[in-house]
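Peer 1: Let's have the full structure, built from the sequences with the hints guiding it.
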Amino acid sequence: DSGVTQTPKHLITATGQRVTLRCSPRSGDLSVYWYQQSLDQGLQFLIHYYNGEERAKGNILERFSAQQFPDLHSELNLSSLELGDSALYFCASSVQGAPTDTQYFGPGTRLTVL
Amino acid sequence: SQKIEQNSEALNIQEGKTATLTCNYTNYSPAYLQWYRQDPGRGPVFLLLIRENEKEKRKERLKVTFDTTLKQSLFHITASQPADSATYLCGASMDSNYQLIWGAGTKLIIKP
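Protein chains in written order, with our numbering: chain G, 1 to 114; chain P, 1 to 112.
Please note: incorrect hints may appear among the correct ones.
To be verified - Here are a few chain G residues that face chain P, going by a calculated C-beta distance under 8 Å:
no. : residue
1   : SER2
2   : PHE45
3   : ARG63
4   : THR100
5   : THR102
6   : GLN103
7   : PRO107
What the hints assert, rightly or not - Quick partial rundown of chain P residues pointing at chain G, CB under 10 Å, derived from the structure:
no. : residue
8   : TYR28
9   : PRO44
10  : LEU49
11  : ASN53
12  : TYR98
To be verified - Derived pair list, reagent style BS3-like, types lysine-lysine, alpha-carbon separation capped at 27 Å:
no. : chain 1 : residue 1 : chain 2 : residue 2
13  : G       : LYS57     : P       : LYS71
14  : P       : LYS3      : P       : LYS55
15  : G       : LYS57     : P       : LYS63
16  : P       : LYS111    : P       : LYS59
17  : G       : LYS9      : P       : LYS107
18  : P       : LYS17     : P       : LYS107
19  : P       : LYS71     : P       : LYS111
20  : P       : LYS17     : P       : LYS111
21  : P       : LYS17     : P       : LYS63
No lab work stands behind these hints: they were computed from the structure. Predicted model, so just to flag it, every value in this text is computed and none were measured. All C-beta atoms in this analysis are idealised placements derived from N, C-alpha and C, irrespective of residue type, glycine included.
Peer 2: Have a look at this one:
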């Protein structure tokens with residue numbers, strides 16, 4: 001158990017809908033990362049937050065947005081969902097968000113868009 | 001563009017032998033390389049980090065090398081066991097960058 005929690009574990013929804021994925025980092029970690037992992041692709045970095053501030057942005061679609069709250073939990077909002085958004089979404093946390101930090105991954109949320 | 005490449009074909013190794021996985025990078029000069037293990041349906045788990053000024057790093061049966069001339073990292077598992085079967089991911093980062101760039105991973109299968 002990494003100490004990172006993600007909810008829900010599974011999510012099935014329809015195209016055009018909006019969903020929110022939630023992540024609670026390990027106790028003491030200030031950085032949160034979001035990743036998308038599809039079957040035919042590796043881990044795609046979406047966004048990184050440090051202590052409530054956006055620190056780095058990857059290939060995140062405009063339909064997706066994220067936030068880190070004062071209690072350090074984070075939410076990833078996915079809207080106008082398309083079939084291609086079906087994937088595993090991982091949240092990871094680290095102490096400071098430094099390049100040498102170990103990232104601790106949550107169990108993931110499996111999103112299925114029908 | 002910056003790219004991290006790992007062998008997309010599964011690697012089949014006999015139990016007890018050494019498994020060697022490759023991570024190549026192009027258009028990029030990472031300062032750090034990290035290796036993670038991922039089991040099906042689960043999040044990656046950190047194994048080792050190596051810095052560009054380190055040639056080699058070891059942890060129990062694991063060894064990682066970093067060759068800046070060849071632009072390559074090798075990940076070795078000695079005395080491999082069926083429990084080592086998993087997908088292994090390579091991630092690269094720089095001091096000026098707050099994100100890891102990931103390879104697609106190599107699936108390792110250790111046969112008894």
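Peer 1: Give a verdict on every hint.
Peer 2: Hints, verified against the model:
| no. | hint | verdict |
| --- | --- | --- |
| 1 | SER2 | holds (7 Å) |
| 2 | PHE45 | holds (5 Å) |
| 3 | ARG63 | violated (20 Å) |
| 4 | THR100 | holds (6 Å) |
| 5 | THR102 | holds (4 Å) |
| 6 | GLN103 | holds (7 Å) |
| 7 | PRO107 | holds (6 Å) |
| 8 | TYR28 | violated (13 Å) |
| 9 | PRO44 | holds (5 Å) |
| 10 | LEU49 | holds (6 Å) |
| 11 | ASN53 | violated (13 Å) |
| 12 | TYR98 | holds (4 Å) |
| 13 | G:LYS57 x P:LYS71 | holds (25 Å) |
| 14 | P:LYS3 x P:LYS55 | holds (21 Å) |
| 15 | G:LYS57 x P:LYS63 | violated (32 Å) |
| 16 | P:LYS111 x P:LYS59 | holds (23 Å) |
| 17 | G:LYS9 x P:LYS107 | holds (24 Å) |
| 18 | P:LYS17 x P:LYS107 | holds (16 Å) |
| 19 | P:LYS71 x P:LYS111 | violated (30 Å) |
| 20 | P:LYS17 x P:LYS111 | holds (10 Å) |
| 21 | P:LYS17 x P:LYS63 | holds (14 Å) |
When the structure is compared with the earlier hints, violations turn up for hints 3, 8, 11, 15 and 19 and for no others.
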